[in-house]
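Q: Spelled out, the chains give:
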Amino acid sequence: MAYSDKVIDHYNNPRNIGSLPKDDKQVGTGIVGAPECGDVMKLQIKVKNDVIVDARFKTFGCGSAIASSSLATEWLKGRTVEEAGNIKNTDIVQELNLPPVKIHCSVLAEDAIKAALEDYKKKSAGPAATTAVAK
Amino acid sequence: METVKKEIPMARSMCWHCQSDVGGEYFCGQCVKVQPLSKDIDYFTCLGLPRKLNIDTGRLETKFYEMSRAFHPDFYEGKSEIERAVSLTNSAVLNQAYRTLKDPAARVEYLLRLEAGSAKDIPGKAPTDLFETLLEIQEQLEQLRAMKHSKSGEARSIASQLHAEKGALESKRGALERRLTELFHVWDRLVDRSSQDQIAKAEKGPVLTEMRDIVSQRNYLNTMLTNIEEALA
Chain A
1 MAYSDKVIDH YNNPRNIGSL PKDDKQVGTG IVGAPECGDV MKLQIKVKND
51 VIVDARFKTF GCGSAIASSS LATEWLKGRT VEEAGNIKNT DIVQELNLPP
101 VKIHCSVLAE DAIKAALEDY KKKSAGPAAT TAVAK
Chain B
1001 METVKKEIPM ARSMCWHCQS DVGGEYFCGQ CVKVQPLSKD IDYFTCLGLP
1051 RKLNIDTGRL ETKFYEMSRA FHPDFYEGKS EIERAVSLTN SAVLNQAYRT
1101 LKDPAARVEY LLRLEAGSAK DIPGKAPTDL FETLLEIQEQ LEQLRAMKHS
1151 KSGEARSIAS QLHAEKGALE SKRGALERRL TELFHVWDRL VDRSSQDQIA
1201 KAEKGPVLTE MRDIVSQRNY LNTMLTNIEE ALA
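The listed protein sequences derive, respectively, from chains A and B. Note that my numbering gives residue 71 to position 71 of the first sequence, counting from 1, and the numbers run on in steps of one. To convert a position in the second sequence, counted from 1, into my numbering, add 1000.
Hints listed in this document are in silico derivations from the structure and should not be mistaken for laboratory results. You may find that some hints are simply not true.
[As the list claims (entries may be wrong)] Here are the simulated lysine to any residue pairs, SDA-like style, with alpha carbons at most 20 angstroms apart:
1. A/K123 - B/T1128
2. A/K114 - B/P1127
3. B/K1148 - A/N12
4. A/K122 - A/N12
5. B/K1172 - A/E36
[Unchecked claim] Have a look at the derived ranges for each label pair, beta carbon to beta carbon:
6. B/K1151 - A/E83: 32 to 38 angstroms
7. A/D5 - B/K1039: 38 to 44 angstroms
8. A/G78 - B/S1195: 55 to 61 angstroms
All residues carry an ideal CB built from backbone N, CA and C; glycine is no exception.
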């Protein structure tokens, strides 16, 4: 199976690799995994005035998983929190031209985005709201 | 080939050739034509086994060889197109069934899919702590790869840290394996009881969930351990 040029590009030059301070109130962290293949993806966003100003990722997995998360961080920057929630795995599949066997990598990236957004929303709503969510 | 495939009737109750009742047998009692395996037959049923996790591999093998001989495409040379297609499809299903059930890891993953539609449907908790550990180890691996063939003190210290991590992950995996073995027995006892016992049916859910969590953690550990071994080699 051959990877598309875009996947190879992201794999060789991953964008926005790294971490943001996890305890920062402006930072949302999403860590997700795919048990079928053992891949793990961590995606973080930094939000100011409801706009994502920075996004970082760390992925332990195959080329498509790395490319999917790299692309996701590129797309996240500059979007509002609400717009970020509209990113769909199918958009990633299309952009990276992922073959059917690698679609789960894009699903993982979408899950990571959702988890990061959720974490941010929980944090920004304050501790009182967090307890309410927990119930 | 495609058109022939469509012509293979999937109903197992009636012979595709002479329409007599075949009653689940692989060969029609009237005209002795080979019958297609049902499209949605599960691998346990296919090989005549109960849906249990500890299986008699000797019995599995005997049954597999017996069925292989019955369906093998070599014996269908010169037969009709439908019979050749049936022999080919049946052999493929049978081989896949045998490969899956022979291996305990594949077997439990298959059972989880079978019992839940998809393994993902059983809600499991994501092992976030494990993820954090794996990402940290991943970073060390990358550092070590960047210093490839370097004999510097730093490279040696990362390598020795990775050796320690590897040991910790291996013992974690060992603990998971032991628990999984226990759960295999728990599951099999539930299967024995559940034909007449409703409570046993209800108890299956939690056992499947725990097995699902262990299997998925084991997959993460296996992938990481392979990577560490490659980096240290």
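Q: Against each hint, give a clear statement of whether it holds in the structure.
A: Hint by hint, here is what the structure shows:
no.	hint	in the structure
1	A/K123 - B/T1128	holds, 18 angstroms
2	A/K114 - B/P1127	holds, 17 angstroms
3	B/K1148 - A/N12	holds, 18 angstroms
4	A/K122 - A/N12	violated, 34 angstroms
5	B/K1172 - A/E36	holds, 19 angstroms
6	B/K1151 - A/E83: 32 to 38 angstroms	violated, 50 angstroms
7	A/D5 - B/K1039: 38 to 44 angstroms	holds, 39 angstroms
8	A/G78 - B/S1195: 55 to 61 angstroms	holds, 60 angstroms
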